[in-house]
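Novice: In the UniProt record's numbering, the protein residues as written are 1 to 235.
The hints are simulated quantities; they were obtained by calculation from the structure and are not laboratory data. Mixed in with the good hints, there may be bad ones.
[As the list claims (entries may be wrong)] Within a straight-line C-alpha distance of at most 27 Å, the following computed DSS-like cross-link-like pairs (lysine-lysine) qualify:
1) Lys98 / Lys160
2) Lys220 / Lys209
3) Lys127 / Lys206
4) Lys221 / Lys209
5) Lys228 / Lys211
6) Lys220 / Lys206
7) Lys206 / Lys222
8) Lys229 / Lys219
9) Lys211 / Lys221
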Amino acid sequence: MASYFKSLSDDMEKVAQVLEDGYQILSGAATQMGEASSSNIHAADSTAADFDGDEDINLEDFEEYGSPLMGMADSVMSDIMSYQVGPQTPTEQIQAFKAAITWSEPFIQCLLAFQAVVIITAIALTKKGGLYTRMGFMIILAIIVRLAERLNVMGNSRWKEFATQNYFDRGGIFIGIMLCAPLLCVCFGMLFAMFREANTLLVDVKAMKIKAQQEQQQKKKKSKEEEKKRRKKKD
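Take the sequences, apply the hints, and build the full model.
Specialist: Written out as structure tokens, the structure is:
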């Protein structure tokens with residue numbers, strides 16, 4: 001870090017030296033213009049002609065100083081920007097995302113309330129809802145996710161009406177994290193619950209089938225034993 005500041009100070013000294021040289025060149029040109037205005041008309045013309053030639057030379061010299069100045073400025077800015085590193089780890093990215101959102105504004109709170117209502121409805125339907133009701137609810141969530149791109153475009157054009165800043169970037173990061181990801185998680189949760197319920201029902205059906213087979217075998221055994229007893233009585 002110390003070497004960086006040292007190189008930065010050297011570059012700044014070079015920039016100051018170039019600016020000083022440029023100022024001297026411009027002040028010399030201004031002095032020549034003053035001398036030309038104090039002479040007679042003929043001398044003014046000749047001096048103006050000479051000054052035009054000198055001005056071209058001085059401008060060329062100034063342009064020669066301009067290119068290293070821009071190069072040093074670019075190098076200084078690149079060195080400064082190299083130390084401005086963004087978030088690297090997932091934890092830092094999550095913290096940066098949280099810091100970029102104004103959680104107290106009504107738009108964000110309404111969006112969070114919508115997600116809460118969706119989660120509560122999904123839990124209620126999973127426990128007490130029928131198959132067709134759950135499938136219809138999942139289809140509605142899938143339609144909302146499918147329309148997320150259009151919602152992002154509409155939000156990008158009208159964000160000033162309901163938000164304090166433009167959350168709707170071209171990549172759709174905000175709407176993907178705040179809208180699509182929770183809805184997809186709810187859909188996958190409901191699907192998992194349905195598969196688990198189907199698995200439980202399948203196990204119950206197999207158990208009932210095995211129990212029915214055992215009962216039939218017991219009935220057959222009883223019938224055989226009764227027949228044997230009848231035969232013995234006849235004998």
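Novice: Each of the hints needs a verdict: does it hold here or not?
Specialist: Here is what the structure says about each hint:
1. Lys98 / Lys160: 21 Å, holds
2. Lys220 / Lys209: 17 Å, holds
3. Lys127 / Lys206: 23 Å, holds
4. Lys221 / Lys209: 18 Å, holds
5. Lys228 / Lys211: 26 Å, holds
6. Lys220 / Lys206: Distance ~21 Å between lysine 220 and lysine 206 Cα, so the pair holds.
7. Lys206 / Lys222: 24 Å, holds
8. Lys229 / Lys219: 15 Å, holds
9. Lys211 / Lys221: Measuring from Cα to Cα gives roughly 15 Å; hence the hint holds.
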